[in-house]
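If you're matching positions, the sequence shown starts at 122 in our numbering and goes up one per residue.
Quick list of in silico lysine-lysine cross-link-like pairs, DSS-like style, CA-CA up to 25 angstroms:
id, residue 1, residue 2
1, Lys207, Lys286
2, Lys215, Lys286
3, Lys330, Lys252
The calculated label-pair distances, taken between Cβ atoms and stated as ranges, are:
id, residue 1, residue 2, range
4, His235, Ser288, 37 to 43 angstroms
5, Lys125, Val151, 37 to 43 angstroms
6, Thr193, Arg237, 19 to 25 angstroms
7, Leu308, Asn283, 22 to 28 angstroms
8, Arg237, Asp309, 40 to 46 angstroms
9, Pro155, Pro242, 19 to 25 angstroms
Just so you know, the hints here were simulated from the structure itself, not pulled from any lab data. Note that beta-carbon positions come from the ideal geometry of N, C-alpha and C, so glycine has one too.
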Amino acid sequence: MKTKILIVLAVVIVAAAALAAAVYCALYRVVPQPASLHGSFYRSVDAGAAEGVPYWIWLVLPRIFPDYVPGTGGYAAFGLSWQETKEMPVGFAKQRVGYIRVTGNCALCHAIRHDRTDGLPPDVTLAYGAKPTDIQPLLDFYRNCARDPRFTADDILAEVGNATKLSLADRLLYRCVLIPRARRMLLDANSSTTPLFGPTIRQHIRDPKAPVPEDGQVRASGYLPKTRSSS
122 MKTKILIVLA VVIVAAAALA AAVYCALYRV VPQPASLHGS FYRSVDAGAA EGVPYWIWLV
182 LPRIFPDYVP GTGGYAAFGL SWQETKEMPV GFAKQRVGYI RVTGNCALCH AIRHDRTDGL
242 PPDVTLAYGA KPTDIQPLLD FYRNCARDPR FTADDILAEV GNATKLSLAD RLLYRCVLIP
302 RARRMLLDAN SSTTPLFGPT IRQHIRDPKA PVPEDGQVRA SGYLPKTRSS S
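All chains, full assembly: derive it from the sequences and hints.
Shown next, in the form of structure tokens:
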């Protein structure tokens with residue numbers, strides 16, 4: 122009898138450990154970004170600390186809610202800098218932290234596009250001293266989407282299905298966890314609480330003149346100097 126109890130206990134412990142490992146891998150495991158990414162334009166800041174927007178939700182929102190986009194061209198309509206051939210505007214970072222999510226870095230506000238006169242594609246540079254890009258229309262867009270009754274698992278997964286075929290596990294993850302959680306986060310977010318940013322950038326938004334903490338400085342990988350006179 123004692124042996125059977127020990128066997129059952131061992132099975133329960135192994136099953137619990139396996140479940141914990143599965144949850145960790147699905148929601149929290151940080152996978153490094155490709156080394157080839159442009160360090161200032163597409164790198165994550167505070168990887169794992171920023172909630173982010175699940176990638177497939179981020180991708181399809183302008184397609185489901187074009188009535189909330191201030192023009193044509195999807196995310197480009199919000200005045201964000203975009204390099205030709207790139208998947209997303211400068212300042213968005215795509216990384217797997219459990220699931221693939223999209224976060225924002227400093228370039229989302231501080232990248233500037235320069236049109237060229239020689240017929241070549243526009244240049245994009247970082248200009249911290251210039252007036253930053255106003256991302257409030259983007260945040261308003263997310264909030265309007267989250268308030269809309271079309272922000273449902275059925276509508277979002279139907280549109281995602283036009284872009285890719287998710288595995289059954291990913292469909293369940295999106296339906297049961299990611300879509301409801303993203304809606305809650307986007308409903309009440311403002312520039313200093315948006316899930317796009319982690320603590321380092323949120324602090325900078327709240328007080329641009331405050332020194333960036335040393336640990337945040339390390340996580341930001343040189344994006345921000347320790348003091349800033351203007352946002």
